[in-house]
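2 protein chains.
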Amino acid sequence: MKTLKIKASSHEYNVTIGHGIRFRVQELLERSYSSIMIITDEVIESLYLDDIKNTFSDHKMYTYILPSGEAEKSIDNYYKIQTKAIEYGLDRDSLFIALGGGVVGDITGFVAATYMRGIDFIQIPTTVLAHDSSVGGKVAINHELSKNMIGAFYPPKAVIYDIDTLKTLSDAELRSGYAEIIKEAFISDHHFLNELLEINLNDLTSEQLSEHLYKGIKIKADIVEADEKESNVRKYLNLGHTLSHAIESELGYGTITHGEAVAIGIIFALNLSEAKYDTILPVKAYIDWLKINNYPLNISTIKTENILKRMKSDKKSVNQVVQMVLLKDIAQPSIENLSDEFIMEYLTSFLKELKEL
Amino acid sequence: MKTLKIKASSHEYNVTIGHGIRFRVQELLERSYSSIMIITDEVIESLYLDDIKNTFSDHKMYTYILPSGEAEKSIDNYYKIQTKAIEYGLDRDSLFIALGGGVVGDITGFVAATYMRGIDFIQIPTTVLAHDSSVGGKVAINHELSKNMIGAFYPPKAVIYDIDTLKTLSDAELRSGYAEIIKEAFISDHHFLNELLEINLNDLTSEQLSEHLYKGIKIKADIVEADEKESNVRKYLNLGHTLSHAIESELGYGTITHGEAVAIGIIFALNLSEAKYDTILPVKAYIDWLKINNYPLNISTIKTENILKRMKSDKKSVNQVVQMVLLKDIAQPSIENLSDEFIMEYLTSFLKELKEL
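Chains as they are written, first to last, in the numbering used here: chain F, 1 to 357; chain D, 1 to 357.
Hint data in this document are derived by calculation from the structure and do not stem from the laboratory. Possibly wrong hints are sitting among the right ones.
Because identical chains cannot be distinguished in the list, a pair is counted as satisfied if it fits within a single copy or across any two copies.
[As the list claims (entries may be wrong)] No farther apart than 25 Å at their CA atoms in a straight line, the calculated lysine to any residue pairs in the SDA-like style are these:
1) LYS80 <-> ALA152
2) LYS2 <-> LYS157
3) LYS218 <-> ARG24
4) LYS352 <-> SER339
5) LYS60 <-> GLN323
6) LYS328 <-> LEU354
7) LYS309 <-> GLY118
8) LYS235 <-> TYR33
9) LYS7 <-> LYS229
10) LYS309 <-> GLN320
11) LYS84 <-> HIS143
12) LYS84 <-> HIS59
13) LYS229 <-> HIS11
14) LYS312 <-> TYR253
Same shape as in the complex, but just chain F (with noise of 0.2 Å):
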């Protein structure tokens, strides 16, 4: 078992990682509640809900079951939860536990952050995706016309990783949060992305997904401490984001995972770094770690002008301006802001590139 303390501007939370630990989830938080409200979804309730509630003695426990998917962090779930939360009679003194990947540690978070103005939430994460968005405290619904549009800073109050629920995920979650473990890796750490590189999913060792969890986090966690608020370093974090958002709403949400377009992202941010900067980055080498690992990268029903319309409406961009994250070099980010002659003569291309890859 190893812990990562993280040091929030509200308060400090540990990041607890180890094997089997979804067993000792009353003993690893700081105090007892009046009452527990856990939300989970389809998937993970048949899994591991009855492995969590069983941690608990002397609880009043209820429990809040989402389908799955990403289309479910939408405000109507959002204020579904609220009124059952209400009619059990959650109050100030109460927590609320999201089990399960992103989208129920979102919709949790941003609840637990509005519910009576906010109120203690802790995350039990069950995908490797999730080892990003349960720390760092970015909580969020998606708005029809733009993800995560919707939110909150409020970080947990602690994030229980389980491993061993990590055995039971989909070739295309494995490789969902590989990608934004890759992302870390080329923004801070040049021996990790090598590493990473080597590796073939389908060969994972256990420790091996432990040791890259535990880097990946502590990347994280290193620069949401120094920047909680995403004032200046944490956007570095946005690495292949700003295509990947834009490509994720274009195609809908969950036709692709979240990690799978954040990959072809990546791409895309190494090709503008290259132009931009006059440097040489392993594209090749990315390349074909995705195509041996078997992440999609065929995206040719998009049109250029609707991902570029989509670029311009994210979240980073101040005034229509695209902002996107380059690498001057591995480790070596960049925040940039560019004109839509210079994306686009460049996305076209990119996109017919794709199609050949």
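Got chain F sorted already, so can you dock chain D onto it with the hints?
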């Protein structure tokens, strides 16, 4: 022009009170913005919207007009404003302005708190009541099951209070605001309370109003600075509110004004205080003042059991135990957990007595 500086945990902001300062909004801001969206209601729009818009040069300006009334502080309107903000292209460098009373201030503040995880907003209150809601950072919308149930602590960047806009208030709105001012006096200033109990609201001068607002805001500001997140002393500001919230939701929001309900809630709190502490409070003087100023005291249609049930699900309740602010003496508030039996004993007779006032 008078200015009070409020220290919030995230930043400091000024509350400026003066005549005609709605024509000086831009110069009272510390910076410029990429765009501005003013949220107001249909009544205030016709009176003051152009005054505010015209103070800004060189800014992209957008407006959103809500219908009037507490019922508009809804999740539907919250989402509609977010939609418009996205469509207008508001970004992290944009500003929301709440121009109006508490409803406009609360919903605008909650939109600002959660749009792209939080952007700047300022309050331009146009009611006496909003002196309370515009200071201290509480923002919220109503859930159909409970008032202000969904919200956040998110202080504005400035509060700009133009006394001249209060001339157009109805008698009921003036009463509503003065209930909160007299509440502030009850919990912290015997001298100020006596001064208020001598006032007939029909004869109020502009100088008196300005002075009372300043004193009320000062009391609130001191409390909020000591306890922003309402862990302890900020709860004192809820004097009269446990019952008033129950009355408002039982009668249906808007049947009587918020402050008029608080005025009734304060009578009940005074009754319970006398019973609990064996103290003597100026109940009669206070009721006489309410009658002279035409506060509605007849709420005979509501049922005692419903009221208790609603008090138990108040945000201050923990484990369904009603928590109320009582007064050991004027300026000596105390927070008490009260048994259902104790409340029922006095609530039944209180509601009966109200009919006879």
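Treating 25 Å as the Cα threshold, decide for LYS309 and GLY118: within, between, both or neither. Result: close only across copies, 23 Å inter versus 35 Å intra.
When no copy is named, should LYS2 and LYS157 be tagged within, between, both, or neither for a Cα gap of at most 25 Å? Answer is within: at 17 Å inside a copy they meet the 25 Å cutoff, but 41 Å across does not.
How would you label the pair LYS7, LYS229 (within, between, both, or neither) given a Cα cut-off of 25 Å? Both: 13 Å inside a copy, 19 Å across copies.
When Cα atoms must be at most 25 Å apart, do LYS309 and GLN320 count as within-copy, between-copy, both, or neither? So LYS309 and GLN320 pass the 25 Å test inside one copy only (9 Å; across, 50 Å).
Can you give me the call for LYS312 and TYR253, within, between, both or neither, at a CA distance of at most 25 Å? within (19 Å within a copy, 41 Å between copies)
Is it within a copy, between copies, both, or neither that the alpha carbon of LYS218 lies no farther than 25 Å from that of ARG24? within (23 Å within a copy, 48 Å between copies)
Under a CA distance limit of 25 Å, which applies to LYS84 and HIS59: within one copy, between copies, both, or neither? Answer is within: at 17 Å inside a copy they meet the 25 Å cutoff, but 43 Å across does not.
25 Å Cα threshold - placement of SER339 relative to LYS352: within (20 Å within a copy, 71 Å between copies)
I want to check one pair: LYS80 and ALA152. Are their C-alpha atoms no more than 25 Å apart within a copy, between two copies, both, or neither? both (19 Å within a copy, 18 Å between copies)
Can you give me the call for LYS60 and GLN323, within, between, both or neither, at a CA distance of at most 25 Å? between (47 Å within a copy, 21 Å between copies)
When no copy is specified for LYS235 and TYR33, does a C-alpha distance of 25 Å or less occur within a copy, between copies, both, or neither? between (35 Å within a copy, 21 Å between copies)
Reference check for the pair LYS84 and HIS143, CA-CA at most 25 Å: within, between, both, or neither? This pair counts as both: shortest intra-copy Cα distance 22 Å, inter-copy 11 Å.
Of the numbered hints listed earlier, not one is contradicted by the structure.
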